[in-house]
Amino acid sequence: MTAAHLPSNATIHDQYGTKSTASRPVTAQESAHGSRSGQTNLIPLLEVKDLGVSFAGRSVVQNINFSIAPGEKIALVGESGSGKTVSALSLLRLLHDAQVTGTANFHGSEGRIELLGLPEQTLRGVRGRDIAMIFQEPMTALNPLFSVGDQIAEVVELKLGLSRGAAWNKAIELLAATGISEPQRRASAFPHQLSGGQRQRAMIAMALACQPKLLLADEPTTALDVSLRGQILELLASLQKQNGMAVLLITHDLNLVHRFADRVLVMENGLLVEQGQVAEVFSHPKHPYTEKLIDSRPRRDVLDTPAEPDSLPVLKVEHLRVSYPTGLPGFRGWFRKGEFVAVQDASFSVPEGRTLGVIGESGSGKSTLALGVLGLLPFSGDMLVAGQSWTGQISSDKVLRRALQVVFQDPFSSLSPRLTIEEIVGEGLTIHHPGLDQESRRERVIKALQEVGLDSSQNPGLLARYPHEFSGGQRQRIAIARALIVQPRMLVLDEPTSALDVTIQKQVLQLLQGLQKERGLSYLLITHDVDVIRAMAHEVLVMKDGLVLEAGPVAEILDRPRHPYTKSLAQAAVDFSLENQGT
Amino acid sequence: MNTLSLSPSQRAWRRFKRNRLGYWSLLLFCTLFALSLAAELISNDKPLLARYEGQLSVPVIKNQPETSFGGDFQTPTDFLDPFIQQQFSRPGNFAIYPLNPYHHSTINYFAKEPNPSAPSAENWLGTDDRGRDVAARLLYGFRISVLFALALTAIGVLLGIVTGAIQGFFGGKTDLWFQRFIEIWGSMPELYLLIIFSAMFDPSVALLLVLLSLFGWMGLSDYVRAEFLRNRQLDYVRAARALGLSNWQIIWRHILPNSLTPVVTFLPFRMSAAILALTSLDFLGLGVPPGTPSLGELLAQGKNNIDAWWISLSTFAVLVITLLLLTFMGDALRDALDPRKADR
Numbered sequence: 180m181t182a183a184h185l186p187s188n189a190t191i192h193d194q195y196g197t198k199s200t201a202s203r204p205v206t207a208q209e210s211a212h213g214s215r216s217g218q219t220n221l222i223p224l225l226e227v228k229d230l231g232v233s234f235a236g237r238s239v240v241q242n243i244n245f246s247i248a249p250g251e252k253i254a255l256v257g258e259s260g261s262g263k264t265v266s267a268l269s270l271l272r273l274l275h276d277a278q279v280t281g282t283a284n285f286h287g288s289e290g291r292i293e294l295l296g297l298p299e300q301t302l303r304g305v306r307g308r309d310i311a312m313i314f315q316e317p318m319t320a321l322n323p324l325f326s327v328g329d330q331i332a333e334v335v336e337l338k339l340g341l342s343r344g345a346a347w348n349k350a351i352e353l354l355a356a357t358g359i360s361e362p363q364r365r366a367s368a369f370p371h372q373l374s375g376g377q378r379q380r381a382m383i384a385m386a387l388a389c390q391p392k393l394l395l396a397d398e399p400t401t402a403l404d405v406s407l408r409g410q411i412l413e414l415l416a417s418l419q420k421q422n423g424m425a426v427l428l429i430t431h432d433l434n435l436v437h438r439f440a441d442r443v444l445v446m447e448n449g450l451l452v453e454q455g456q457v458a459e460v461f462s463h464p465k466h467p468y469t470e471k472l473i474d475s476r477p478r479r480d481v482l483d484t485p486a487e488p489d490s491l492p493v494l495k496v497e498h499l500r501v502s503y504p505t506g507l508p509g510f511r512g513w514f515r516k517g518e519f520v521a522v523q524d525a526s527f528s529v530p531e532g533r534t535l536g537v538i539g540e541s542g543s544g545k546s547t548l549a550l551g552v553l554g555l556l557p558f559s560g561d562m563l564v565a566g567q568s569w570t571g572q573i574s575s576d577k578v579l580r581r582a583l584q585v586v587f588q589d590p591f592s593s594l595s596p597r598l599t600i601e602e603i604v605g606e607g608l609t610i611h612h613p614g615l616d617q618e619s620r621r622e623r624v625i626k627a628l629q630e631v632g633l634d635s636s637q638n639p640g641l642l643a644r645y646p647h648e649f650s651g652g653q654r655q656r657i658a659i660a661r662a663l664i665v666q667p668r669m670l671v672l673d674e675p676t677s678a679l680d681v682t683i684q685k686q687v688l689q690l691l692q693g694l695q696k697e698r699g700l701s702y703l704l705i706t707h708d709v710d711v712i713r714a715m716a717h718e719v720l721v722m723k724d725g726l727v728l729e730a731g732p733v734a735e736i737l738d739r740p741r742h743p744y745t746k747s748l749a750q751a752a753v754d755f756s757l758e759n760q761g762t
Numbered sequence: 078m079n080t081l082s083l084s085p086s087q088r089a090w091r092r093f094k095r096n097r098l099g100y101w102s103l104l105l106f107c108t109l110f111a112l113s114l115a116a117e118l119i120s121n122d123k124p125l126l127a128r129y130e131g132q133l134s135v136p137v138i139k140n141q142p143e144t145s146f147g148g149d150f151q152t153p154t155d156f157l158d159p160f161i162q163q164q165f166s167r168p169g170n171f172a173i174y175p176l177n178p179y180h181h182s183t184i185n186y187f188a189k190e191p192n193p194s195a196p197s198a199e200n201w202l203g204t205d206d207r208g209r210d211v212a213a214r215l216l217y218g219f220r221i222s223v224l225f226a227l228a229l230t231a232i233g234v235l236l237g238i239v240t241g242a243i244q245g246f247f248g249g250k251t252d253l254w255f256q257r258f259i260e261i262w263g264s265m266p267e268l269y270l271l272i273i274f275s276a277m278f279d280p281s282v283a284l285l286l287v288l289l290s291l292f293g294w295m296g297l298s299d300y301v302r303a304e305f306l307r308n309r310q311l312d313y314v315r316a317a318r319a320l321g322l323s324n325w326q327i328i329w330r331h332i333l334p335n336s337l338t339p340v341v342t343f344l345p346f347r348m349s350a351a352i353l354a355l356t357s358l359d360f361l362g363l364g365v366p367p368g369t370p371s372l373g374e375l376l377a378q379g380k381n382n383i384d385a386w387w388i389s390l391s392t393f394a395v396l397v398i399t400l401l402l403l404t405f406m407g408d409a410l411r412d413a414l415d416p417r418k419a420d421r
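If you read the sequences in order, they're chains A and B. For reference, each letter of the first sequence is one residue, going 180 to 762 in the working numbering. For reference, each letter of the second sequence is one residue, going 78 to 421 in the working numbering.
Just chain B, same shape as in the assembly (with noise of 0.2 Å):
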């Protein structure tokens, strides 16, 4: 027998450890997301460290004019331009490249083929139809995806949890009401509001979020509202009061953290979907403003190039993996927390 306390929340942890597939997606994903978040240190037009002529300098940092490295212009030095490069291979200078010497904006002005380019050394996973590098705009644009799918999370967690305790403890008139507001709410055409203020505002990140955000919290507060149900009229919470604790005491010690369950198991599908969402409505070209890189829109590249089977096969893999990686976390974390598992 082990001696030692668990808390519920440190025995869910072991169960979800115990399932292999699920801790490793938690793992692989961590570490990608960590990588794609190093982004600008692996895939950058701009070398990490150069010497020129004895000056030692950081362009990843601060990018200085093409004249401080014996070219002619005043603007930001293009470190692709053959000129540029051949300056640094003189003995003495040098410059350290990231591992893809490419960021998501770069233009590749020097590809021997037309673009979209197929897969060469220079560029891995070849260029798109702009003669942008494709790994490079699939790193770039999965750290967007998953930035914006944790903050349409958040949001929606957060505002779930608000609305559902809301509901689930006061009930009654409360609860009718709020209920009715959910169902003329929920009813609303999403995608037609979508499509009107894409049209009405500057497409931009923070407007999706705002958009999808309002739409987005209804399925999770519903959950909460039942826990919450359920969980204020069992016998603790009745205790608690007899103890002369407030409402806000109830919640917060007693009810809240007995209700997070679905929330938890919830969280890397409602990961997944808020990927998806990202990823259809920029494939729709209602997303994010052109030019950020974005997997939907290098979809739609690869459905108007279909030649270039590069773009959307290695987009395809991408997304297939994110979301399956989400999947199996998803799973193992189900199961962690599913009480009528065993805990052996």
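Okay, chain A solo, but in the shape it has when bound (with noise of 0.2 Å):
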């Protein structure tokens, strides 16, 4: 059955490699206006026009154009709320309970179609077949109940009708072009028994089993650790490049479209503000949201004099080591309980008004080391803040508890729901200076927030409202002003900026960058993101598998990397603006 089917791809491979080669880079000018102009031997693969989305009423996006052409890479960038991922779902009408109006005409196996106007049942052929998609987040994107081989084989069998076992040697073909090593035993792996990056690439040997013409990617590296995007990308480039179908990349991370898209589109608020080639939107921005998007790397604005080398570190910890237990299988597990160790051995020191570093992905043991060093953990080791040693319990170490305070990850589940603004940042105060009487609390919870840049002249009864009233970046403020208020002398920050969108990213840099200066802070910055450290750390430690690999100053490490960890982690943060900024 493969053999017989092989010929077939092979013509349409032929079709498709003559196509693409015809395919001539599309001009900003002509693309601007839609890439419609009277162009006969390029008829556009998806035209769309005037595409609206609105959700009981509420219009989340208006008057969409635009045209892909055949084996077109194509990006599609935006913060999060701009409408991206919900134009491409209306496109595949996807979305429950939305109103899609507008037209878009899909040049697919069966001639010309219109996505928007056509019957469900005749919809459904077209995705999957014609138009493919793959998701953010493979592991709920996969089903946990079936093998990858089973599910990539379902999708074969139900398109392309091929008997069980075809299908099954089809999946293991399609798992083997992803460069999944071992496709023959991956396939029978269930999606919980693959890492990310093989998920990833699981769910794209799906998505290609039919050879579509399009393919949807919405985020598709977003959830994988930072050495691991490239790979993905590269993955995708290629089998664009081998199966000649177009691509449009969902997209918020703009390092991602420089290395990938030939055309880009730029939405904001439901608007597709700016299209053009890659390169000239990003060296020639139009529209003020375009340069405003380009300009929001975060940019480093820290004292970089050298710390007073006589002076006491903030903080200083010698052979931290943090474990949790873990079950042992079977009957042993009874009885005694396995450690599993998180961090290993880390030593460092963090003089006043300095930034240290942590970089490393997902389960490298980074924020157990942001825990371990708050106290929030038990751990091993010699730890002194201030010169003073710290057990970080609460009874004993009530005093030095002001002097490390922390910042989270998420702006969501930092703040409780159910207290006011001025409750929560005036929590600390209640612990630290218990005898302030309501006026004078009220007071410093103001000058706290004001320092954040939270004013009650723009958010009118600012200290009476509740936290699910403000966006993403203004939490997080609220956030760094609940930790300012008991004046610390050093801020744990764990990817405080990693949840935001890439504008408000930069503003929240800036704010600490100020606040160092202005009060002399040390932060112990934990980030995946290369630019956030460039940006500002002075010192960085790499960590892998909970342990440091390398740790020194900042441009030493991430320029002269040693280890090829670090340096797969500061090739994967190359970006355009260096690059451009030849120009």
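Simulated from the structure, these hints should not be mistaken for laboratory data. Everything numeric in this text was worked out from a predicted model, so none of it was measured. Don't take each hint at face value.
The following residues of chain B were derived to be distant from chain A, with all beta-carbon distances above 10 Å [claimed, not checked]:
hint, residue
1, N140
2, E143
3, D206
4, I259
5, E260
6, G263
7, F274
8, V282
9, A283
10, D312
11, L320
12, P339
13, N381
14, N382
15, L401
16, D415
Computed Cβ-Cβ distance ranges for the label pairs, DEER-style [what the hints assert, rightly or not]:
hint, chain 1, residue 1, chain 2, residue 2, range
17, B, R88, A, P467, 34 to 42 Å
18, A, P596, B, L291, 32 to 40 Å
19, A, H371, B, M265, 34 to 42 Å
Calculated lysine-lysine pairs in the DSBU-like style (CA-CA distance at most 35 Å, straight line) [said to hold, decoys possible]:
hint, chain 1, residue 1, chain 2, residue 2
20, A, K516, A, K495
21, A, K471, A, K420
22, A, K626, A, K495
23, B, K250, A, K723
24, A, K626, A, K471
25, B, K250, A, K495
26, A, K471, A, K228
Positions of the beta carbon are idealized from the N, C-alpha and C atoms, including for glycine.
Each chain sits in its own coordinate frame; assemble them with the hints.
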């Protein structure tokens, strides 16, 4: 069966091969006008006109016009809530309770079809066969009860009408094409037995099962570790070239756009504000929002003079070790507990007014390191906070607690939803300054909020509001104010900006830089983002699997990495603006 | 945009009010309960106000002997006695009777039919097999059921929250041992214990309350435990710990208010379950002491007197309406507290 199918595949390849060579690069001028002006040799694969999406009368996407040529790599960028995912999902009518207006003409295997007006029955045939989709989180997009091979084979069976056995062989073939090692064995693995990167590869294999003409990739790398992102992107690019399909990449990451796409569409608040060739848009953005987006790379603005060598470090850690108890398999587990060492033998010190960046992928133990330093997890090793020994116990170290405060990643879970802003920010005062009366406490709360840029003039009734009324960036500012109010000497920042949009991230980083200069705060900055480290840190610690691989001044580590892992990290973040700086 | 800031509970209340069925059920239920609390003024065999030969008296509060109304005996006055009624119908005398002139314990000796007698102008819903007014017994029975349910729910919720909070917050060994205890405790045959205890002690409402409370808290404690386990590792709790709050402050200020959603959602359903439990125990004769007005006892009478359709039918109606109102309220409350529902 497979052999019978191979020739037909080959012809498809040929056909696309010629097509993609024929597709000359679209100039910015043409694409801005929807590239529909008399191109006889190039019928757009997909032509979207006046697309609008609204939920229960509330419009989220309006007036979207764009077209995709066969074999084109196009990126759709925008911040969260800009409507980029909604626009893509609406093309396949995968949104529930949405009213979609406009037209989307698709030139598929059965000639021209209008996706938005198609009966559900026919559309189901188009999904997967002509247009396929991959999602952000492969763990939730794959069914946990079936092996990945089964799931891919099911698609093949349904869409190509192969027999069960042939479909399984085809599935293995597809998996092999995505570069998964040992595809025979992996095919019978369940989603949870695969790593994040392997899962995403399996998703891609499933999406490509029928050689679709168009692949919608919704943030395909966002849930993956930095070092994997590049690999997945390369895979997509090579498969795109092989199959000659068009790819619509939805992302918020401009680095990805720059590396991957030919053309870019920029969305803001449900409107398509700019489109054109990637190089053109990036070097000469026309719309102010595009400019803002390109300018959103965190910029370094910290004191770079070396710290006074004889001053006492705010935090000095030696041989820190943090471990979790884990269950042992079988009968042994009844009586003994295993141990998972999340942080092994970490030693570092943070001088006053300086930032120590900790970088590593998920599972490297960097967040555990933060919790250990805060005394929120039991640890062993020596820790000195401002020269005093620190045990992390509430009872004995209450005074020292003030010196060390924390800002967490997720601005939605870091504020208690049932307390007002005044209660949240003022909480530290009730612990560390119990003598303050209502008035002076309120004064300090207002002052702390002003310091993080929240003012009651812009937000009337600020103090009496609840967290749900604020945006992610504002919540993060509130969380910083809560930490600042007890006048700490050091902040532990656990991925402080990774849940925020890029433009907001820049603002929050600027705020943190300003506070450091003003107050001489020290930061322990935990992140997976090399850009953030470059902008903020003086020294950097590279972690992997609980071990510190490398440590030293930031310029040295990132520009002349010694360890291969650090090299891959630094490479993954090589960015467009550095390349553009020459021009 | 509304500039007024609403706390999450205020928003939940708004969403609750937007559900018409649930909101009106709540109002109706509260009205019925308030009326039943004033049952003595609505359904009683003693007049609210009486004047006898120029003397004003309030028999509802203080019943005088029959002699003070011209009778022959020193015993408390029976105001349904035709002789006494005749006394009050004389010019200058009057007695204002409650709406339904029967107490739940009043036996109508002057009914025109044998007991149980069918509904008539005197006994609107007829009488039971001992000649007591069914309407009066339903009113008082409803009151006892709801009061009992409130008390049982309150005790169960309190125990459930305390045990769930301890398990969830401290986790580890505490949780493990408590969970094993709950498993053993939960597998005790509740009904047999009730039968044994009702044989050992004199039946009373208090005994029932204690026995049912002993087993009623477990369902809720599981939910509170799960909420605590989830909330205690959220970032705001970690931030509070980093600020130096004590365990007690963290539980009280941060975790508990955010863990009460399942508790509140279950309140009406627990109420209806408690009412049903009391009714079924009474039906089996294991419940409240004899003579106490109760819905279950009325149902048992209905079963024993199949011909007296008015007993079973009216009790059934009261039960169905009560449980329906509670269910509607519970549904509305669940929707109001559902975090996935949009707030518009």
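| query | Hint by hint, which ones does this structure get wrong, listed from lowest number up? | reply | 10, 11
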